[in-house]
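Peer 1: Using my numbering, read the sequence shown as starting at 3 and increasing by one per residue.
A couple of the hints might just be wrong.
[To be verified] In silico DSSO-like pairs for lysine-lysine, Cα to Cα no more than 30 angstroms straight-line: (1) K43 with K285; (2) K43 with K79; (3) K164 with K285; (4) K164 with K79; (5) K119 with K164.
[As the list claims (entries may be wrong)] What follows is a set of in silico ranges between Cβ atoms, one per label pair, in the way DEER data are often shown: (6) E278 with L25: 26 to 34 angstroms; (7) K164 with P126: 26 to 34 angstroms; (8) P284 with F184: 49 to 57 angstroms; (9) A40 with S134: 41 to 49 angstroms; (10) V84 with A46: 20 to 28 angstroms.
Simulated from the structure, these hints should not be mistaken for lab results. Glycine residues also receive a C-beta, built at the ideal position from the N, C-alpha and C atoms.
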Amino acid sequence: MLNKRYLPSITALQCFEAVTRHLSFTRAAEELNLTQSAVSKQVAQLEELLQHLLFRRVRRRLQLTPAGDLYLGEVRKILTQVEMSTHYLRSYGGDTEVLRVSTPPTFGARWLVPRLKGWRLRHPSIHLDLCSEQEADDLQQGRSDLAFYFGQASRPGTESLKLFGEELVPVCAPGSLPEQPFTDPTQLADLVLLQNASRPQAWHDWFDDQGYHTEHSYHGPRFETFYMCIRAAQVGCGVALLPRFLVEEELADGKLVIPWQHAMPSTNAYYLAYPEHSAEVPKVRLFVEWMLEQIDNADASQ
Numbered sequence: 003m004l005n006k007r008y009l010p011s012i013t014a015l016q017c018f019e020a021v022t023r024h025l026s027f028t029r030a031a032e033e034l035n036l037t038q039s040a041v042s043k044q045v046a047q048l049e050e051l052l053q054h055l056l057f058r059r060v061r062r063r064l065q066l067t068p069a070g071d072l073y074l075g076e077v078r079k080i081l082t083q084v085e086m087s088t089h090y091l092r093s094y095g096g097d098t099e100v101l102r103v104s105t106p107p108t109f110g111a112r113w114l115v116p117r118l119k120g121w122r123l124r125h126p127s128i129h130l131d132l133c134s135e136q137e138a139d140d141l142q143q144g145r146s147d148l149a150f151y152f153g154q155a156s157r158p159g160t161e162s163l164k165l166f167g168e169e170l171v172p173v174c175a176p177g178s179l180p181e182q183p184f185t186d187p188t189q190l191a192d193l194v195l196l197q198n199a200s201r202p203q204a205w206h207d208w209f210d211d212q213g214y215h216t217e218h219s220y221h222g223p224r225f226e227t228f229y230m231c232i233r234a235a236q237v238g239c240g241v242a243l244l245p246r247f248l249v250e251e252e253l254a255d256g257k258l259v260i261p262w263q264h265a266m267p268s269t270n271a272y273y274l275a276y277p278e279h280s281a282e283v284p285k286v287r288l289f290v291e292w293m294l295e296q297i298d299n300a301d302a303s304q
């Protein structure tokens, strides 16, 4: 547990932040509806706690010290987070539950979000909170109730539901294609091979899957997300190797084309995971049922 000596009050932080904006204890006191002496006392207590002066007077004017300037950035982040959290909680009724779901960013935007339509109407008391920042222990640490991920089924302390696999296909802008068709896949390197940071082996494996090898497998600009790769390919930066289901819309619209017809199935798959102890928690169970329904509907329409 944190030592209380090093936990300043929110009032002290508010007083300090207000003084930094006005460079006046009097005007800060007026804003906060406090007395000037109360504001001054709060700042003095904060300086004693920090063992640093936060302000100094220069020619009868108040100025932030270097320590004060450094502390200000942290204080503003803290106050902003507290305010956001308060608004967040105030926006829901007493019967509302929050379901925190983490997802890979492009998967979330391209596959998950379209399948959430209607969720709010069926489950008005369960508010979804989606996050694209993922850590391996999000579920164990309680930062997420459920997590979509790409990989293998086994994760300690969780139950994983397999959703579907994928196949990787090369895609590029129509205008990137040369006049003469390619005669072997290694010629794609002439277009520049766009690399995805999460799949550094992808191009090498794709060529190898066809019995080809090129020294350019790992060469090319590297992008953090599939969405960045999609956009880079679309504007003509090169050719990207992507899960087909993530670019179905661009392929159908003709914004992207497949320059070499070879689809490589991935050895991994997409899963939905949740902690073992949460299997019968109503909000978790309802979301799992919803996702299974969405997949069944998609299978039925194919």
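Peer 1: For each hint, tell me whether it holds in the structure or not.
Peer 2: How the hints compare with the structure:
no.: 1; hint: K43 with K285; result: violated (48 angstroms)
no.: 2; hint: K43 with K79; result: holds (23 angstroms)
no.: 3; hint: K164 with K285; result: holds (19 angstroms)
no.: 4; hint: K164 with K79; result: violated (39 angstroms)
no.: 5; hint: K119 with K164; result: holds (21 angstroms)
no.: 6; hint: E278 with L25: 26 to 34 angstroms; result: violated (55 angstroms)
no.: 7; hint: K164 with P126: 26 to 34 angstroms; result: holds (30 angstroms)
no.: 8; hint: P284 with F184: 49 to 57 angstroms; result: holds (54 angstroms)
no.: 9; hint: A40 with S134: 41 to 49 angstroms; result: holds (43 angstroms)
no.: 10; hint: V84 with A46: 20 to 28 angstroms; result: holds (22 angstroms)
Against the hints set out earlier in the document, violations occur for numbers 1, 4 and 6.
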